[in-house]
Structures are given as C-alpha cells and as structure tokens.
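Based on the hints, put chain F with the ligands in the right spot on chain S.
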Amino acid sequence: MTGLLIKNAYVIDPLNGIRGEVMDIAVRDGWIVESVQDGAEVIDAKGCLTLPGGIDSHTHICGTKVNFGRYMMPEDMRAGRTQRRGVMHSTSGYSVPTTYGNSYRYCAMGYTSVLEGAMAPLEARHTHEEFAATPLQDTMANTLFDGNWPVMEAVRDHDVKRAAAIVAWTLAAVKGFAIKLTNPGGSECWGWGKNVKCIRETVPYFEVSPAEIIEILVRANELLRLPHSVHLHCNNLGVPGNYQCTIGSMDLAPDLNPDRQSLYLTHVQFHAYGGTSWKDICSKAEPVACAVNQRPQITIDMGQMMFGKTTTMTADGPMEFNLYRLHHNKWSNHDVELETTAGIIPVYYSRTSVVNCVMWAIGLELALMVRNPWQCLLATDNPNGGPFIKYPEIIALLMSRRYREEELQNLAPGTMSRITLPALDRELDWHDIAVMTRAGQARALGIRSIGKGHLGPGAEADIAIYPLRVDETDPSRQYRDVIRAFQKTSWTVKRGRPVARDGEILVPGTNKTIWVKPKVPEEYDMGKDPEFARNFDRYYTVRMSNYPVQDLYLQRSLCMESEAQL
Amino acid sequence: MIVRDVICPFCACLCDDLDVHVEEGRVTGVDNACDLGSHKFMTDHRMEGPVRRTASGWQDIPLEEAIRETAELLQAAERPLLYGWSGTCGEAQSAGVHLAERVGGIIDATTSVCHGPSILAIQEVGHPGCTLGQVKNRADVVVYWGCNPQHAHPRHLSRYTTYTDGFFVKNAFKERRLILADIRGTDSTNVADEVVRLQPGGDYAVLGALRAIVRGKGDVVPPEVAGVSREQLFRIADLCKKARYGAFFFGMGLTQTAGKYKNIRNAIELVDELNRHTKWTLTPMRGHFNVYGFNEVCTWMTGYPYAVDFSRGMAFYNPGETTAVDILARKECDMCLVVASDPAAHFPAEAVEHLASIPVVQLDPFPNLTTAFARIQIPVAVSGIDAEGTAYRMDGVPLRLRKVLDRGYPDDVTILSEIARRIGEGGGA
Ligand code: SF4
Ligand SMILES: [Zn+2]
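Protein sequence lines correspond, in order, to chains S and F. Sequential numbering from 1 applies to the first sequence in the numbering used here. Sequential numbering from 1001 applies to the second sequence in the numbering used here.
Extracted from the complex, chain S is given alone in its bound form (with noise of 0.2 Å):
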C-alpha cells in the first residue's frame, strides 16, 4: 500500500494533547508515521477540523435482537431506503436500518469504530455473520453475562476467580469483548416473568442479588486484566425514582484501575428519573451527575433520547414489557437458555409528552452537569433513545445554549419545573465534543492501546475530515452549520484508504473483529473443568463444543490477550 498525506489539517486530538492546530498527517500501511515520500496520495484538508474516527461505545446494530426489530418491523425498513449504487449495496431500514445500511451511515458521520452492545453468548455466531457483513467499521460486543447460571453460582459462593474464570472461557469462546450486564439478576427472574426492583433483592433460586453481580464481576474484570470495564445497564431501566438505585449501582465499584473507569454505566438517561409514577417523573440528572463528579472510576454514557420514531431493543426483557402494556404496540421477546432475555417494541417519542421532554432534556443535562467529558460519552444507546443519525444534533445542543432555547420553547406545557436544562449555561467546545465521540471511547473501552481514538504516530490510521472551519464557526450561533458538517464528513479514511468522500462510500471494505482471549492458569481452565462441562451439556441444547464460534467468521481477527491474575 501506497502511502496517504493530509496536509493542512486542523487536528483535535484530545489523547496527544492536541488542542487545535494546524498540521499534515502521514500514513503508512494503514498507520499513523512521522512522514511518508514523495508520490503518497494527497488529501488537502484545507484547514478543516480533522479528527479520529468517531467510536460508539454503546451501539446495537449487528444480532439476533437487532435483526428481530427488522424482521417484525417492514415499516421501518421501508422508511430508509437506498438504491445499489456503485460498491454500496442497496439498504432499508430507518431506526433498524440493515447492516450495510448502518456501515455506509456510520461511515458517512466519520464513525470508524464501534460496540455492539449486548451479544447474547449462544446467539453469538449470528452478531459475529453481521459484523462481517459491517464492512466498514471495527466492532467489537459486549458480552452478556447478567442472568449467566455458571457465574450466578460463582456469585453466591463469593468465588470471584471462577466468576473470572468462565468470564473468560465465554469470552474467548464467543469471541466477545467485554463483560455486559443488562438488569443483572432481573434476567433469570424474567425467565418466570418477574423482575428485581433493587440492587439489594435476591433472585429466587440462585439467592445472589443484583449488587452482589456487579460487585463480584467488577473485580474478576480486573483479574482478568481486560481492556474495557463492566458495561452496566442498571436495574429498574425507565422507572420513576430510579435514580437512586443507579447512584448505589455506582457506589459497588472501587477505583481500580489507573488507566479508565472501574464501572461504565450506559445510557443513563434512562437511569435518572425522579418521581415515584409517570404522573410526577422528574428530572435527577443533577444527583447523578455530582455521584459521577465524585467518582473518578466511573465513566458514563449519555443514552440521550431524541424525538420521534425508533425502535427500543435491549436485554431488558421486563422493562420491554412493560412498555407492551404501557402503549400496547407490537411486542417481542427473546429469552436465552443460561444466560440472559431481550425485548423489542417500536416506539415514537413525542414532544406533546412531558414525559418524553423530561427524557430528553435529562440526557442533555448529565453531559452539562458532568464536569470532565472523559466521563459522559455521546450516546443514544442507538436505537434505543435514537437513531444514530442523530448525533450531529446533539452536538449541536451541547455546543449551542441559543439552540437549546429554542428546542425548549417547543416542550410540552408542565415539563419547565421538572428539569434543570433551561437554568445551564454550559457550552461545549470542540475539545469536548472530540473526548465525547472519539477520544473518551478509545480510553473507555481501553482500546487506545491497539491504536483506537487518536492521530499521533503508532495510531491506526481512521480518520474524518469534516467540511468546518473552526476559526470560521461559532457553534453557540452557527449551531445548522455544526449540524450539517457532523453529517457528512468530505473524507472519512479507514485503516490509512480513504473510504468515503462527501458521504458516497468509496471502497466495499472489510469488517475487523476486535475480541479479548483472558489467559488462565491451567486449573482455571473451564474447557476442562468436569463440572461444567457436565451441567453445560446436561442444560444447554446445544453441546459444548458446538458452542465457540469459529474463527472463520471473522473476515480481520484482532484478539487482544491478557495474562490474567488468578
């Protein structure tokens, strides 16, 4: 490969301390290098801003539950459709759109890299044949463990090592990346249609509680020594008065570790409700944010809801059904045998309900309120709060107060004295916006390592140039203008080959897979440990070594190993 020079590039990147200055980027072999010769292709940036590729850390696009809310909702796939055209191929879809629909809009916006979110581990194989058919990003998936039975029992003996233990024969088997926990605990309860209510309650027959979940798994995290942290969605998703339940969420993760959060909590807009019904819900974006202001072990994301249509999908089996019985639309469901629930209603979110604008004004306020961007990423929990397509306008919000006026006189009548928005002055700058979409993932999920996140030498080269000037644009006043350049980028370069240019894709691309493979002392080998081995096939339908998804279906495999301390 021929090699790439940006020349006049106005570069943000927070991870090298670059602030805003002006300067020509060279690659090599899909890296970042000091300088390339003569004869490199040339990209003038002309002083455009120029950042690293855009990473979502919390995304659901590629699975069993993604596909589910394409396949019951022809409505939506017939909202977005796009012909065949050059190398892209035709798509559909508006809030589920289909895979190569999401990579050519993802790509478009700059995104190069991003995180499915919740991967059920039986079901793996099905997220792993949609990443492959990703072809423009780098994914990676969380990986379920929140109703896991061989963990729960772990948990009740306060056995944290064979907790980490199976953590790691699951992840590498699967080819996951990190440890998810959606409701922890409420998913085997779901398994007889009930729920946990709290951190504290017990689930019947295994007699671990939620708290006692996360607490074991937060420490066989680090055991195992993994890039990324637990990957939280808290209990008692979307109920009024939750709020507390995620502050005490917070409070079970000690500082451990010196290079990112101990405990990622995601979209916890949804998690930051005061009230006790939807008659009296408010705004506790201000306690959340304080809790998350004290804690430098955790880290955040938004899950900012915008308006209108899109589709909620989460391994929140209950909570999904209690959104069945609120708005009676269409409703599926999904529980997996050991290991965890989901569930899939369409939904539209309404500026004529207080509801929906207090949902809408807490997202903003936790990234407002919360003082160091490192810690409260740009997010919807697409499409759970939002189409992705939606971020150049929360951006916009963050960076524009005039904008949000103007968003706020829309609001339904009785939601002013239910939330803080109209009293914060807070602008973001680029910088922040730059930590907030890129900088503050590749920390988050400890990717920075492999190259993730940042532009100086050693980095893999993903990048996105976007049509702003930022000594020409004030985004408190030109927030359209932010809009419309967060959009599209002119270029979007992905592994040192540009693969996009005003948002028509350029290349067919090839999707890279980045997993975790935890190695363990031979004793803490769950491949040979007789007892699970015997239960996985005496309860599983499928046998053990059916189970691992083969290396075959990943087209680029990028296996981050760990020595891990057990």
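These aren't lab readings, by the way, just hints derived from the structure by calculation. All C-beta atoms in this analysis are idealised placements derived from N, C-alpha and C, irrespective of residue type, glycine included. Take the hints with a grain of salt, since some may be wrong.
Stated by the list, open to error - Not the full set, but computed from the structure, chain S residues with beta-carbon under 7 Å of chain F: (1) N67; (2) S92; (3) H126; (4) E130; (5) G193; (6) K197; (7) E201; (8) E222; (9) R225; (10) P227; (11) H328; (12) N333; (13) H334; (14) Y540.
This is chain F with the ligands only, laid out in the frame that chain S set:
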C-alpha cells in the same frame, strides 16, 4: 472414523449430538439421530455431475459450461426468480441475496409456502419467543397446535419438551403437562395429557375463545366452539394460567389452514395475554433445517425475511405480490434458479405450469420433482454432510454445520459465487 457432535441437516430442531460413522468416504452409521436424520446421512442417490436437457434426453455437461449457461440465462432474464434456500447454509443464502441484487431479480424462500403467515402475524403484533433450552429447563405446560412433532420433528419431544428433564423440571414426563390441539388424532396426540380435537378451520374461533376466557370474559363463550366443549376450553385456560412456564408451539396446521395469518395473530395475542398472568413463550415449528436461516440472512441484508424484489434497485417487499407462487401464477417470471428445494412438489398447479414453460436451473444434490422441469441441474455437496456452513435452529440459535466427508462435489457457495463472478465480468445488469 466417528465424527462426534454432528449437527443434523434435516429439520429445524438441528439436533447437534449426532455421532456419524464414516468409512471410505461413505457414512456407515449414525447414532442419536431419528429416522429422518439418519436417512439423510445414509442416502446415496446423488447425481453424478451437471446435466442439460436436450430434445433427446439428459446430456452430461462440464461444470464450467453449466455455470456459464446459468449466468447467461440469469442475465438475459427480465424477471428472474431465485427460489428455495431452506436446504442450504447461510453463506449460500447470502451469496444468493447478493446475486439477486446484482441481476435485479426476486429472491424468495420456501417460507412463503410454510410459515410466511407466521411472519405476517409477527409483523403485526410481535413475537414473544425464547430459545428451546428455556422450555426444556422451565416449562411445566407445553402446547403443540396444528403440528405433529412425532412425525415432522421426531426428536423435539425428547430433546426439548416431554421426555427431557430440565434444571427446574427434574422429572419431565411427570411434571410437564402436554396439550395437543389438532383436527385429527396423530401419534403425537397419544402422548398428550389434554387433546383438543377441533373441527377443520376452527382454530381461529378456539384460540379466540381461550383469549376471552383468559381475559376474564368467559361468559361470552358458547357451549361449544368448533367442536370443543366450553368445559374443556375453561379447563385448558385454567391450566395455562396456572402454569409456572408455558410454551406454545405451532405448525402448518395453523399457518396453512383457513384463517392463515389471523390464526397466528390470535395465538400470539393469547400468549401475550397469558404473560399478564405468568410466563409464556411461543415458537413456530419451522420445517427445513435452515429455513429460518434464510429469513435471518435476508433480513440483515435486505430488511425483509423473504419475498424481496430487487427490480427497482432497492429491496421491495410485498408478500402476495413478490412471493414466488404469485410471480409464477401471474406469469411474470421468465427464468428461475432453484436452490436446495423442490417447488414442483409444493406449489399449486398454475405456478408449476408456468415453471414448466420457462428456463429453470436447479442446484441440488438429488434429483427431485423439479428436475422434471429443469433445463440444467448442477449437483452440489449436501450442506451439513459434505459441506460446512451456518444454520439457524427454529428458535434462532445459529450452529456451524460440519463437513463429515468429502465426495468431491462443489458446494452451493462456490457455484453461486462463480455465477456472480461471470455476471460481473460480463458487465451485467
Ligand atoms: S429431529 Fe430433526 S434435526 Fe433431529 S435428528 Fe431428527 S430430523 Fe434431524
Ligand atoms: Zn443498549
């Protein structure tokens, strides 16, 4: 040699515990499979190589030529149909979808003549489902409606329901109550605790009555509904409501009889209703081993589970219009590529008549009824016996099919990719 934990490529139970004995390139024995599964492994009537129909009968042709001619036929066609797919692996299905997009054709699967109505109902009201291990480990009430598992999915009862103990069901045969609803007595009804013998076409009414009772509106139910007594309906509703965990399975007796997708919608809404009282899930008894795989693959690639028309460059889906039978019956289709299925055996007469009048190319290891209409047939490896690949169980669990022996046949993926390559070279549609 014994290959262990082999996945059975026959029905959508996808039993993955078969031990296959292989000697000198032949399967000599299969342990753990049912008769249907063993038979598939042991069958040996494969076609030798590609053939073309001529005025004087079948003529052997080189593979090259068969592929070239197929590519030409596909390219020349105005409205090609790529049909079948339930008997091959996901990788071939994916190649098929790409090919259909490339030639601006229509791609459809056997789904449209089996569980198509289930999908239409799911698209209206959703699907409360689960993996089969949930049923095995938890269910104390199991319903089979309009299907005969003993016959069509012989190990379903022994692997997932009646005869298998689970974690919370220590003695399944005693603890699990089995309800069977059918219009006739079958070998499956013999093992049931409660048999609902309904009149043909009565499913919708009986499901509706059960919904009413579960909702607490039982007073509207007459003394008899489609041959089922009010008393039995109340007894069943009660059993369902009192279950700790209930599992509802249904088959083509519900999808392909009077009421069609409305029946399924009623069944789903009954299960939704029951979920307000206790835990219930529902699972369609998908037939062919990888028919559900096609729905999955086609959905992530096009947005729709089956019946996708690419003639306008984008994916267009309208069952009843873009389904294979309808395209054929309207005589729109002018070329058909059949992969891993036998439409001539299952389509209505007018569709088959049209099929007989257009060029048909068939990829299939075995001769079947469709062979009689084919212009070309290319024998391929059997997915799960001499070719690897991915298959999705009826509950969505994806498994890797094994290759237990090599018979020297090319697999579907190879042939389809080669056809696509030729079309690409020709400048194509
Ligand atoms: S039940 Fe189905 S999958 Fe299992 S062995 Fe029989 S035919 Fe094969
Ligand atoms: Zn999520």
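Now for the hints, and whether the structure bears them out:
1. N67: Hint on S:N67: holds, closest Cβ of chain F at ~5 Å, below 7 Å.
2. S92: Nearest chain F Cβ about 3 Å off; hint holds.
3. H126: At about 5 Å, which falls below the 7 Å cut-off, the nearest Cβ of chain F leaves the hint on S:H126 intact, so it holds.
4. E130: 5 Å, holds
5. G193: 4 Å, holds
6. K197: Where the cut-off is 7 Å and the nearest Cβ of chain F is about 18 Å from S:K197, the hint is violated.
7. E201: For S:E201, the interface hint is violated, since the closest Cβ of chain F sits about 18 Å away, which is over 7 Å.
8. E222: With a closest approach of 31 Å, the S:E222 hint is violated.
9. R225: 30 Å, violated
10. P227: 26 Å, violated
11. H328: 10 Å, violated
12. N333: 4 Å, holds
13. H334: 5 Å, holds
14. Y540: OK, holds: S:Y540 within 7 Å of chain F, min 6 Å.
Of the numbered hints given earlier, the model fails hints 6, 7, 8, 9, 10, 11; all others are met.
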